[in-house]
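Protein sequence lines correspond, in order, to chains A and B. Sequential numbering of the first sequence, starting at 33, is according to this note's numbering. Sequential numbering of the second sequence, starting at 20, is according to this note's numbering.
Everything labelled a hint here was simulated from the structure, so no lab data went into it. Hints should not be assumed to be uniformly reliable.
DEER-style ranges, computed between Cβ atoms [unchecked claim]:
| hint | chain 1 | residue 1 | chain 2 | residue 2 | range |
| --- | --- | --- | --- | --- | --- |
| 1 | A | 141 | B | 58 | 53 to 61 Å |
| 2 | A | 153 | B | 45 | 35 to 43 Å |
| 3 | B | 358 | A | 361 | 38 to 46 Å |
| 4 | A | 263 | B | 221 | 26 to 34 Å |
| 5 | B | 232 | A | 259 | 20 to 28 Å |
| 6 | B | 270 | A | 141 | 41 to 49 Å |
Think of the CB as a built atom: it goes at the ideal place given N, C-alpha and C, for glycine as much as any other residue.
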Amino acid sequence: MRHFVDRHPIWSVVLFVIAAVLVWMIFAIWPDWMTDLIGRKKVFLNALFNGITLGGLYFLVASGFTLIFGLMHNVNLAHGSLYLLGGYVGYFTADVTGYWLLAFPAAFVVVAAFGVLLQIFVFRRMEGEDLRQTLVTIGISIVMADLMLWAWGGDFYNISPPEWLSGPMQTFFVTSVKRSGDLVYMKYPFVRIVIFAASVVVGVGMWLLLNRTRIGMLIRAGVDDRDMLSATGARIQLVFVAVFALGAGLAGVAGVVGGTFQSVAPGEDVRFLLASLVVVIVGGMGSIPGAALGALIIGLAEQFGSVYFPTYAVVLTFLIMVVVLAFRPQGLMGRN
Amino acid sequence: MAAVEDISAQETVEPRGWIEGVPAAYWLVGFILLVMPTFASNFVLFQIFGWTFILGIIALSLMFLGGYGGMVSLAQMTVAGCAGYMLAIFGPSAITGISMNWPWYVAIPIALALAVLLGTMIGWLAVRTDGIYTIMITLAIAAAFFYFARQNYVIFNGFSGFNGVLPPQLFGVDWRGPKAFYYLTLFWATLCYFAVLYISRSPFGLALQGVRDNQRRMSALGFNATAHRVAAYAFAALLAAIGGILLTWQSAQISPGTAGIGPAIDILVIAVIGGLRHPIGPFIGAFIYVILKTFALDALVAVGLSGERFQLLIGLGFLIIVFWSPDGILGLLARWRENQGKDPLTDRGGDAP
């Protein structure tokens, strides 16, 4: 932090001012001219919250993608299909057993097992051939998309959260003041907050796993130089399988989350594949903090875009990607 | 490496003169393609061969980038779609509120130029990264174009796009008639094929292949690697734009779906199935793709499956080819030829060097 301030004094001031303005916009009661300028505070706060929670979902999808990429240099373009598979598995688990929470481990285990099969039977056979691996993942995603369409049809499935999670929650953010002088507090769906908290927990857990454990040390060493790592006697193939299982499992869990937020349907695989592509390009490929930052930026851009200029909301995210690419090709947190 | 060996092999046969240098099979294929309209039905000419040549041209642009430049771009269909859109916007179409209705000799050059500009800009962005990153970035760009065209109603006419985009009635010929359209696409496919072949052996093409094989060494030799790559994108964009204009004329319409993510991946599938080693590969791939797309429905119904499983068939075929022969059909052919006449015990003989 100190380091950054020392090196980029102007940028630090700009970032600080932006942060201060944001904090003021979130906590202050908006004066009338502000409301005239960009609309009601409730809309703004809702967009902000939706953006952050959507960022949490994107982080879940993209973190597995970037983890796999960082270690194995494999652009897994079937990642969206893993997400969708997780969504379907989660839906049917929740539907059959009646327990929403059970959907998460089920999706994680099934999709992680599928990821292990992919790693052992497909990627291990063509190690070091990046382009071929990528092409194979495209083929797998085409086949999987059609198989899932065959099995579950084109219907929309919605995973409904349990009773105790549904309904709005009172937050302590003031949206407006009534004429009588009472403060109006913002209400927000409880389940979204819980899921966002869970994705933060997952992110912190991954950080701890990578930075504080032995297997994390192996993974980081593998990201830096996998040939040297295998030369020191580490069983790198086991690390590969473990990382692929973790990344795929996270995509599966994200599928359940996405199914609860929105819905599970054909086409979602491409949508989330693109989202995670943009997230890791913006954040920096192979970097977990980068994925978190990128996911937050893209989630916020999508939500604010859809509120304040709805026509080109989808294009906005790609515009951010192009700008980042033009000025910082390795991504915001990427290394050279 | 393979390309360099090919060239040295070519030079040894050079003294015979170029007419004898071309194998008889090539003359036969050329002759059959020329006289095809005398015996083939209109459906075969227009739907199968017209479409094959068009998809072949677009996939050829990808093959040029991927095979000679080592850059697999998924945005070639985007460039083609852009050319089609520009043609519809500047030329005539049924959407008279947007189309300028300018004559073809103005509209086509503008469409080509704008598409090449877009392709060059995509290339300029994509060459900042390399290898697999290129796939990711071009895929994202393709998606961006698709969404932009779908959302923009002022210029791109949104979801429905343009219809009634017809070729001009030049020399009193209806160029959308099956025979005329067949010859039109055949002409452009042949021209593009030989252009790629020529460029691959020109100093520029050789330098590009050098950049593909070892960028550092080429930079040390004084070549501007980035400029070569961007120029390759520009040339590939021209090919894709030609394909895009023909594609728009064939279906007489252009919509966001034409340049969507599915078609972008289809172009990659076509190029890879055929083989990225030689310019004929994309045309072989396109022929297989078109045949599958046209007849898979009947074939699938015949074996008792629903015709909707076409994507599964294509995907499995693609997977099998990438899995066992990364060089596509051409790679399979080369391997088969190598094994021909080989003594299985001593592993010697045959055509292999």
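To see whether the hints hold, each was checked on the structure:
1. 141/A to 58/B: 53 to 61 Å: 60 Å, holds
2. 153/A to 45/B: 35 to 43 Å: Given a distance of about 41 Å, which is inside 35 to 43 Å, the answer is holds.
3. 358/B to 361/A: 38 to 46 Å: Given range 38 to 46 Å: holds, Cβ gap about 44 Å.
4. 263/A to 221/B: 26 to 34 Å: 44 Å, violated
5. 232/B to 259/A: 20 to 28 Å: Distance hint for residue 232/B, residue 259/A holds at roughly 21 Å.
6. 270/B to 141/A: 41 to 49 Å: 46 Å, holds
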